[in-house]
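In order, the protein sequences belong to chains G and E.
Mapping of the first sequence onto the working numbering: position 17 corresponds to residue 31, and the numbering continues sequentially without gaps.
Mapping of the second sequence onto the working numbering: position 198 corresponds to residue 244, and the numbering continues sequentially without gaps.
Accuracy of the hints is not assured; some may be wrong.
Below, computed lysine to aspartate or glutamate pairings styled on DMTMM-like, alpha-carbon distance capped at 25 Å [stated by the list, open to error]:
#, chain 1, residue 1, chain 2, residue 2
1, E, K263, G, E40
2, E, K263, G, E93
3, E, K192, E, E250
4, E, K192, E, E221
5, E, K192, E, D253
6, G, K78, G, E40
7, E, K357, G, E40
8, E, K56, G, E93
9, E, K357, E, E228
10, E, K269, G, E72
11, E, K267, G, E40
12, E, K267, G, E72
13, E, K263, E, D210
14, E, K267, G, D67
15, E, K94, G, E93
16, E, K192, G, E40
Covered by chain E, per the in silico footprint, the following chain G stretches (three or more residues, Cβ under 8 Å) [claimed, not checked]:
#, stretch
17, 50-60
18, 75-86
No lab work stands behind these hints: they were computed from the structure.
Virtual Cβ for every residue (Gly too), placed ideally from N, Cα, C.
If you want the building blocks of each chain, they are given just below.
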Amino acid sequence: MDTNSIPRLAPGCRLHPTEPLLLVPEGTLNLAGPARDILAHVNGKLTVAAIVDTLLAEYSGAPKDEMIRDVLNLLNRMEQRGVVRS
Amino acid sequence: MSTAVETPFKPFSLIAEVTHRCPLHCLYCSNPIELQRADEELSTEDWKRVFHQAAELGMLHVHLTGGEPLARKDLPELIAAARAAGLYVNMITSGVGLSEERLATLVDAGLEHLQLSFQDIDEASANHIAGARSHALKLALVPILKRYPLAFTVNLVVHRMNLDRLEEFIALAEELNPDRLEIAHVQYYGWALKNRSLLMPTQEQVDRSIPIVEAAKERLKGKIHLEAVFPDYYASFPKACVGGWGRQMMLIDPLGQAMPCHAAAVIPGLEFDNVRQHDLRWIWQSSPAFNRFRGDSWMPETCLACPRKEKDFGGCRCQAFLLTGDAEAIDPVCVYSPAHGLLTTLRTSAPEILPIWRG
Numbered sequence: 015m016d017t018n019s020i021p022r023l024a025p026g027c028r029l030h031p032t033e034p035l036l037l038v039p040e041g042t043l044n045l046a047g048p049a050r051d052i053l054a055h056v057n058g059k060l061t062v063a064a065i066v067d068t069l070l071a072e073y074s075g076a077p078k079d080e081m082i083r084d085v086l087n088l089l090n091r092m093e094q095r096g097v098v099r100s
Numbered sequence: 047m048s049t050a051v052e053t054p055f056k057p058f059s060l061i062a063e064v065t066h067r068c069p070l071h072c073l074y075c076s077n078p079i080e081l082q083r084a085d086e087e088l089s090t091e092d093w094k095r096v097f098h099q100a101a102e103l104g105m106l107h108v109h110l111t112g113g114e115p116l117a118r119k120d121l122p123e124l125i126a127a128a129r130a131a132g133l134y135v136n137m138i139t140s141g142v143g144l145s146e147e148r149l150a151t152l153v154d155a156g157l158e159h160l161q162l163s164f165q166d167i168d169e170a171s172a173n174h175i176a177g178a179r180s181h182a183l184k185l186a187l188v189p190i191l192k193r194y195p196l197a198f199t200v201n202l203v204v205h206r207m208n209l210d211r212l213e214e215f216i217a218l219a220e221e222l223n224p225d226r227l228e229i230a231h232v233q234y235y236g237w238a239l240k241n242r243s244l245l246m247p248t249q250e251q252v253d254r255s256i257p258i259v260e261a262a263k264e265r266l267k268g269k270i271h272l273e274a275v276f277p278d279y280y281a282s283f284p285k286a287c288v289g290g291w292g293r294q295m296m297l298i299d300p301l302g303q304a305m306p307c308h309a310a311a312v313i314p315g316l317e318f319d320n321v322r323q324h325d326l327r328w329i330w331q332s333s334p335a336f337n338r339f340r341g342d343s344w345m346p347e348t349c350l351a352c353p354r355k356e357k358d359f360g361g362c363r364c365q366a367f368l369l370t371g372d373a374e375a376i377d378p379v380c381v382y383s384p385a386h387g388l389l390t391t392l393r394t395s396a397p398e399i400l401p402i403w404r405g
């Protein structure tokens with residue numbers, strides 16, 4: 015995945031409405047730190063670059079390079095686990 | 047025993063056995079030998095109340111199973127009620143009787159994940175193991191499923207009769223292109239225990255299967271999420287059965303009896319409270335059946351002194367009873383069990399010829 019990818023949650027995966035949890039088939043992934051906020055923008059429409067821009071507006075003052083790295087890192091791990099697609 | 051002490055454990059999942067009726071008669075079925083009657087099943091309203099209480103108690107997932115959940119005409123209503131309560135809805139099905147129209151209704155109602163098991167690679171053998179002509183129906187259902195927005199798991203149930211074909215079996219699953227693939231060895235409870243000598247793989251088969259599964263995991267990474275369950279009859283230490291007794295899950299059978307696991311009814315003297323009389327919170331905290339093997343006060347000396355008790359919570363109580371006649375005995379899977387020799391003997395015994403199919 016790179017900044018031009020358009021990630022989406024895999025079928026049967028959704029955020030818990032209130033808790034920092036991703037509900038997936040046969041399991042629940044705990045979302046630490048900003049992971050829930052990142053996944054909240056993963057909708058099959060926004061590119062990774064657009065997600066980062068939105069997050070930069072939410073987390074004012076965060077360095078962009080670091081943000082891109084963190085977002086790609088999370089999404090790639092989630093893709094390996096089969097719960098995010100691009 | 048039944049004091050209303052707050053338990054520190056929070057249940058994650060509810061297994062809802064909505065019926066024991068089933069068009070299949072699998073040799074390895076884990077349902078109890080005494081199947082329950084259709085006219086005594088919980089009503090739609092009972093299940094709706096149960097799902098609501100489950101979510102209130104903090105449960106996240108409901109697994110609709112049976113028997114065959116499709117045998118219930120009110121299935122869309124049950125799914126909708128579980129989703130409305132806030133639960134993640136999974137259904138374990140044979141797919142028999144699932145038309146595209148019916149599938150669309152279930153997905154509309156909120157079904158999120160569907161699990162379909164396969165019995166073997168070729169039709170004759172698969173149908174023989176299932177005790178029904180279901181293999182072709184299952185294969186035909188897959189391309190339809192793929193058009194709907196829900197997660198799809200293929201479950202390969204493996205044992206002595208099909209384990210030699212594991213590589214081809216995995217190849218078949220890959221062609222079906224599910225989101226998840228489970229390779230599950232038969233566990234010896236219910237009908238599977240009756241057929242154990244027919245189903246239990248040889249040591250050599252198990253040894254050969256391990257690198258095949260590992261290679262598939264590596265190859266499918268990022269494409270199909272693979273999970274494998276190995277047979278604990280070949281292990282040296284017990285499994286943390288159901289995540290520990292009364293720690294993570296609750297099963298409700300078709301009559302409304304609340305149990306800590308699928309097989310708990312085999313243990314003599316356990317009485318199960320019913321969701322017709324009690325709410326789930328009371329059952330989780332106070333039902334004597336759920337408290338019977340919680341914590342470590344019931345454990346034999348060997349287990350009490352063993353650091354592994356924090357990982358396996360004393361293994362499987364049903365297995366301990368079924369193999370030794372004592373539900374408080376060390377799980378015979380454990381090398382420290384005086385009965386461990388029972389398993390080492392079984393690993394080398396010759397198979398029986400005659401299968402016994404469930405009703």
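Tested hints:
1. About 17 Å separates the Cα atoms of E/K263 and G/E40, which keeps this hinted pair within 25 Å; it holds.
2. With a CA separation close to 15 Å, the supplied pair E/K263 and G/E93 stays within the 25 Å bound.
3. Note on E/K192 and E/E250: the hinted pairing is violated, with a Cα-Cα distance of about 37 Å set against a maximum of 25 Å.
4. This hinted pair checks out: E/K192 and E/E221 have alpha carbons roughly 12 Å apart, not beyond 25 Å.
5. Only pairs whose Cα atoms come within 25 Å are accepted, and E/K192 paired with E/D253 is rejected, the gap being roughly 34 Å.
6. Taking the CA atoms of G/K78 and G/E40, the gap is near 35 Å; set against the 25 Å cutoff, the hint is violated.
7. This hinted pair checks out: E/K357 and G/E40 have alpha carbons roughly 20 Å apart, not beyond 25 Å.
8. For the suggested pair E/K56 and G/E93, the alpha carbons sit about 29 Å apart, so the restraint of at most 25 Å is broken.
9. Distance hint between E/K357 and E/E228 is fulfilled; the C-alpha atoms sit about 23 Å from each other, no more than 25 Å.
10. Pair hint E/K269 plus G/E72 does not hold up; C-alpha atoms about 32 Å apart against a cutoff of 25 Å.
11. A hinted pair counts as satisfied when its Cα atoms are at most 25 Å apart, and E/K267 with G/E40 qualifies at roughly 17 Å.
12. Only pairs whose Cα atoms come within 25 Å are accepted, and E/K267 paired with G/E72 is rejected, the gap being roughly 33 Å.
13. Under the criterion of a C-alpha separation no larger than 25 Å, the hint pairing E/K263 with E/D210 is consistent with the structure, at around 18 Å.
14. About 30 Å separates the Cα atoms of E/K267 and G/D67, which puts this hinted pair outside 25 Å; it is violated.
15. Only pairs whose Cα atoms come within 25 Å are accepted, and E/K94 paired with G/E93 is rejected, the gap being roughly 35 Å.
16. Between E/K192 and G/E40, the direct Cα distance comes to roughly 19 Å. Compliance with the 25 Å bound is thereby established for this hinted pair.
17. A stretch counts as covered by a chain when three or more of its residues have a beta carbon under 8 Å from one of that chain; for the stretch 50-60 of chain G and chain E the count is 0, and the coverage is violated.
18. Counting residues of the stretch 75-86 of chain G whose CB lies closer than 8 Å to any CB of chain E gives 0, which falls below the minimum of 3, so the coverage claim is violated.
In summary, the numbered hints that this structure violates are 3, 5, 6, 8, 10, 12, 14, 15, 17 and 18.
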